[in-house]
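Chains as they are written, first to last, in the UniProt record's numbering: chain A, 1 to 289; chain B, 1 to 350.
Just so you know, the hints here were simulated from the structure itself, not pulled from any lab data.
Think of the CB as a built atom: it goes at the ideal place given N, C-alpha and C, for glycine as much as any other residue.
A few of these clues could be false.
Derived coverage of chain A by chain B (criterion: at least 3 residues anywhere in the stretch with Cβ under 8 Å from a Cβ of chain B; other residues may be distant) [stated by the list, open to error]: (1) 107–117; (2) 123–137.
Example chain B residues on the side facing chain A (calculated, C-beta under 7 Å, incomplete) [as the list claims (entries may be wrong)]: (3) Glu48; (4) Ala59; (5) Gly81; (6) Glu85; (7) Val205; (8) Thr207; (9) Tyr208; (10) Gln236; (11) Ser330; (12) Ala342; (13) Ala348.
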Amino acid sequence: MPVTDRSKLTFYLLLAPLLLWLVTLIILPHVGMFIVSLREKVGVREYETSFANYAVFFNEPLYWNTFARTAYMSIASTVLTLLIGFPISYYIAKLTRGRTKTTLFLMCLIPFWVSELVRTFGWMILLRETGVFSGVLQYVGLADAPVEMLYNDAAIMVGLVYTSMLFMVVPLVTTLDSLDDSLIEAGYDLGASGFAILREIVIPHAMPGIVSGCIVVFMLSLGNYLTPILLGGKDSLWFTGLIYSQFITRFNWELGSAFGFLLLGLSSLIVFVGLKLSRQSLGKTMAQT
Amino acid sequence: MKIILSTVAVLALGTAAQAETLRLLTWGGYAPDDVIAKFEAETGHTVEVTKSNNEEMIAKLRATNGGGFDLAQPSQDRIAGPQAEFGIYKPLDMAKIDTALFIPSMLSATEGNTTVDGAVYAVPHIWGTSGLVVNTAMAGSVKDYTDLCNADVAGKVSYRLKRPTLIGFAYAMGLDPFAAYGDEAAYKDIIDQVEAKLVECKAGVKTYWDGGDELKNLMRSGEVVASMAWDTGGWQLNDDNKDITFVAPASGALGWIDTFALPARGRADEAAYAWINFVMQPEIAAMITASAGNFTASQGGDADVDEALKAKYQASFPQAAIDNIKWYPSVPAGLEALEGAALDRINAAK
Numbered sequence: 001m002p003v004t005d006r007s008k009l010t011f012y013l014l015l016a017p018l019l020l021w022l023v024t025l026i027i028l029p030h031v032g033m034f035i036v037s038l039r040e041k042v043g044v045r046e047y048e049t050s051f052a053n054y055a056v057f058f059n060e061p062l063y064w065n066t067f068a069r070t071a072y073m074s075i076a077s078t079v080l081t082l083l084i085g086f087p088i089s090y091y092i093a094k095l096t097r098g099r100t101k102t103t104l105f106l107m108c109l110i111p112f113w114v115s116e117l118v119r120t121f122g123w124m125i126l127l128r129e130t131g132v133f134s135g136v137l138q139y140v141g142l143a144d145a146p147v148e149m150l151y152n153d154a155a156i157m158v159g160l161v162y163t164s165m166l167f168m169v170v171p172l173v174t175t176l177d178s179l180d181d182s183l184i185e186a187g188y189d190l191g192a193s194g195f196a197i198l199r200e201i202v203i204p205h206a207m208p209g210i211v212s213g214c215i216v217v218f219m220l221s222l223g224n225y226l227t228p229i230l231l232g233g234k235d236s237l238w239f240t241g242l243i244y245s246q247f248i249t250r251f252n253w254e255l256g257s258a259f260g261f262l263l264l265g266l267s268s269l270i271v272f273v274g275l276k277l278s279r280q281s282l283g284k285t286m287a288q289t
Numbered sequence: 001m002k003i004i005l006s007t008v009a010v011l012a013l014g015t016a017a018q019a020e021t022l023r024l025l026t027w028g029g030y031a032p033d034d035v036i037a038k039f040e041a042e043t044g045h046t047v048e049v050t051k052s053n054n055e056e057m058i059a060k061l062r063a064t065n066g067g068g069f070d071l072a073q074p075s076q077d078r079i080a081g082p083q084a085e086f087g088i089y090k091p092l093d094m095a096k097i098d099t100a101l102f103i104p105s106m107l108s109a110t111e112g113n114t115t116v117d118g119a120v121y122a123v124p125h126i127w128g129t130s131g132l133v134v135n136t137a138m139a140g141s142v143k144d145y146t147d148l149c150n151a152d153v154a155g156k157v158s159y160r161l162k163r164p165t166l167i168g169f170a171y172a173m174g175l176d177p178f179a180a181y182g183d184e185a186a187y188k189d190i191i192d193q194v195e196a197k198l199v200e201c202k203a204g205v206k207t208y209w210d211g212g213d214e215l216k217n218l219m220r221s222g223e224v225v226a227s228m229a230w231d232t233g234g235w236q237l238n239d240d241n242k243d244i245t246f247v248a249p250a251s252g253a254l255g256w257i258d259t260f261a262l263p264a265r266g267r268a269d270e271a272a273y274a275w276i277n278f279v280m281q282p283e284i285a286a287m288i289t290a291s292a293g294n295f296t297a298s299q300g301g302d303a304d305v306d307e308a309l310k311a312k313y314q315a316s317f318p319q320a321a322i323d324n325i326k327w328y329p330s331v332p333a334g335l336e337a338l339e340g341a342a343l344d345r346i347n348a349a350k
């Protein structure tokens, strides 16, 4: 067999699992869902092709507002995760060595050994009216009646940040690790302040890590279902919750599919705008982290 | 004698036919392990249980066009609509069901409600009601659904954001939603009024509960003192705290009947019929009542039931309250979209 043929065969063999994955698990279901989203129900078992389901989203302020609320809460949780995650990653990457580093990194990972559901229930035990925090506050005398900390937006935010912290820390540690310490030393030698070094040297170097961490955290928050529903209670309107209820409790697959596609499109748009604003490209970001 | 005969019939069926695997789509507590073990020993069939709820059952069967399960247990009011819309069930062969095992009034009511194009799609299994679960020491004022909006219990009430809540509130407001089932405009008018009321009440709601365990947790901790819930939930809580019990609302508890229906593409019909005839025997029905907490449609099935449960049932349901139960009629296709939009708006309201 000639060499070119053999290398071609290897190429296709290696390509096959990827193609199989992409086509059967991603492309085909999406095509199917898109077709469903174009069906307008006109009667019992009667459907017409139209964009009516998409029009519902734009005409009913409820759905549009829910998406906007989900998007800005996800952006807020991404920013919060970055603000908390950056010092942690910097400490792990630059100020520790050897075993301490591994231990600290592992401790970030430990909460992920249990399922998301268990982690969320953990937060419910801490935050509820008869929960741990409320009990401690009453015990030390800071509150004279039970305090309800669950079922509000702040509780959702705590849950989202906690759930996605790891996905911010990992890319940040990787990029910060690759920053040569001598660059920072050189900065100090030239008389720069700590803040100037952070702004001129550390952040520009870590930018790909920041961007990819933000994309992952934003997408995870936007697509989260359990945390907002369980921690948010009666005000927990979240776009994924709307999609779930259209599919499961309303039997309205047509509208649910349309919502799914709108979520995909609008979240991609937000990520695109974010990349443009930070002057990063997706390819560059992915290559460096 | 009848019991022995039917057991023998089941036995004969089981040994004659090929042993099958029965994939049962049901509710928590409806297929306890001891009943399954007995059934498997007697018939040779094996049983795989999947626990679910009404909406998920329909969604699951719709996704596979009625495949993946051999026997499902949706409520009787949720069969005709989805069947007309999605065709997920197949008609029952009543000749294969031992109808003498059923309470006749319940059997004929269920048959009437689940008949589509002249074919019967379901027989009754377990019935119960939903109403109010109240901590009588702390929320004595709650006697009806609308009392959940009272100022003295504000911040300490809960209910589900689902269709029973809409129906219950409508009755408590003096409206008659079931009578308006056939008239979409009149029904929409009722739902609009209920929506306005529920939006007004939202400030006093602690949280909308989703699962039975979540509600029990809230009631046990005292964070919630009154809620809309199923009768069994109230009776179970009564075991832990004597103050908490189920109260049939002044405007009437809502009565439901969970049924047996055959999914359109089920593969083990023999085992499914065998299961139906097996669990409707009075002594097996009593075992299921002990596990699920609700009574069955089995003739004589309440005879062997534990006295404590009977006492709780009688305390919650004096004869007048039983006569006042509003049984769910079959939901016409299309009404649920209307209700869904109202529930979404209530959920989004500030």
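Numbered hints the structure breaks, given as an ascending list: 1, 3, 5, 10, 11, 12
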